[in-house]
Amino acid sequence: MNPLTQLCEAALFAASRPLTVEELATLDPETTPADVRAALEELREHYDFGQHGVELVELAGGYQILSRPVHAAAIERAQFSVRANRLTPAALETLAVIAYRQPVGRAEIEEIRGVSAGGVLRSLQERGLIEVVGRSEGLGRPLLYGTSPLFLELLGLRDLADLPKAEELTIALQPHRPEAQGPDDAEAYVPAES
Amino acid sequence: MTARPPAPPTVALGAEPRFVVQLETFSGPLDLLLHLLREEQIEIADIPIARICDQFLQAIHDLGLNQAADYLEMASRLVRLKVQLLLPRSVDDDGWEDPRAELVRRLLEYQQIREIAQWMGSAAERRAERLARGYLPPAPELPPPPLVLDVLALLQAVDRVIAGIPLPVLHRVVARPLDVEGAQRRIEALLESRAEFGWLDALGPDATIADLLSVLLALLELARRGALQLRQPAPFAPMVIVRESAHPVV
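Sequence order for the protein chains is A and V. Under my numbering, the first sequence has 56 at position 56, and the numbering climbs by one with no breaks. In short: position in the second sequence from 1, add 1000, done, that's my numbering.
Everything labelled a hint here was simulated from the structure, so no lab data went into it. Just so you know, even glycine gets a beta-carbon here, dropped at the ideal spot from N, CA and C. Please note that a few of the clues may not be correct.
Said to hold, decoys possible - Examples of chain V residues lying across from chain A (beta carbon under 8 Å, computed):
hint	residue
1	A1157
2	R1185
3	W1199
4	L1212
5	L1213
Said to hold, decoys possible - Derived DEER-like restraints, expressed as beta-carbon distance ranges:
hint	chain 1	residue 1	chain 2	residue 2	range
6	V	A1101	A	T26	52 to 58 Å
7	A	R158	V	P1088	47 to 53 Å
8	A	P142	V	P1088	37 to 43 Å
9	V	L1155	A	P33	34 to 40 Å
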């Protein structure tokens, strides 16, 4: 392995969060981001072709060394590590609204979900998945929320562009009819850009 | 989109059906509405409001959701829509808008959010299968070991700390110099010998402000007990003390 690849591996091993290419480039003053990218590619191949128990994963704008899914069950059974708590449907719906509408205020979230959102917003904020990104110009200058880097980390996304595109979603209330209807019946629903 | 089984009301053990339990089943009134439409195999765009409204009301009743403001708000919306659709309208009314349009828009929007939420839920599940290194708390910043200690430096540090401690602010508690009982005894003695006297007579020579207050309190106390009467012959005149004949001093 290239010395820079080894250095990146050591840094990624030592860090407890994803590191960006720019951050890794500060390891060595002689290094450019392009060198780091090449080194990361070598590291990824090393893990993949060498059949290692870990892999290099790109998420939340950076890179992290994570164990492979196949080992998760055994590691958890031995209680060496625990997986993140599952999000409730209410939390997921709220996150979905915020991810697509950010910056978005509480009133809009409640309007879309049809339920009050105060408690869910507080717990999402406590978990660090959303953050206050500003205040609306509207009456009372309500807080506006956006998703945090931790949100991307939790979902294993590189960035927000990894979320499904709104127009790719099939939107139609498809009842389970015995006489199967063609897919043409599914109305494509594209929300107005807000 | 997962088909939801017809949700049987979950009942907490030994308790009446509780709303809290139902929250697990439906994440809100729009969710319940979508569930009803799916059960009835109805297209969102063509909701038979009257029927769905009745079913919604029945459902919040059955599920014990009627404590939840969010559900009641949707119920009242549906009732309003039902009324609006029942009202007659003129045939040539071009400006008529389907009052259901807003509800349909919200349902579609919510449906989309549900779909995204599901996608995100499974993304989080996949991510949770990959474990990162355990969290290590950042090490506190300490001088490199071994810690070299100089006894003199340590004593100086102790001195600095002690010098920094502010002197405690003490409050001096002074015994109350009022002697109400003594003044009372003096007044009683006076009452025995004289039926009437000026209140300054009750003051001894060289009276201090404390003595004066003691006498005042004693006089008030004795007046309260009915041993004497306090009279003031004219405004601002000195107080005259009169023995209460009905209550001879014991």
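Taking the hints in turn, this is what the structure says about them:
1. Interface hint at A1157 (chain V): violated, since its Cβ lies 35 Å from the closest Cβ of chain A, which is beyond the 8 Å cut-off.
2. Hint status for R1185 (chain V) relative to chain A: violated, with the closest Cβ pair at about 70 Å, above 8 Å.
3. Interface hint status for W1199 (chain V): violated, as the beta-carbon distance to the closest one in chain A is roughly 67 Å, over 8 Å.
4. A distance limit of 8 Å between C-beta atoms decides the matter here; for L1212 (chain V) the minimum to chain A is near 62 Å, and the interface restraint is violated.
5. For L1213 (chain V), the shortest C-beta to C-beta distance to chain A is roughly 58 Å, which exceeds 8 Å, and the interface hint is violated.
6. For the pair A1101 (chain V) and T26 (chain A), the beta carbons lie near 56 Å from each other, so the given range of 52 to 58 Å is met.
7. With their beta carbons about 58 Å apart, R158 (chain A) and P1088 (chain V) fall outside the hinted range of 47 to 53 Å.
8. At about 41 Å, the CB distance of P142 (chain A) to P1088 (chain V) agrees with the hint of 37 to 43 Å.
9. A beta carbon spacing of about 54 Å between L1155 (chain V) and P33 (chain A) contradicts the range 34 to 40 Å that was offered as a hint.
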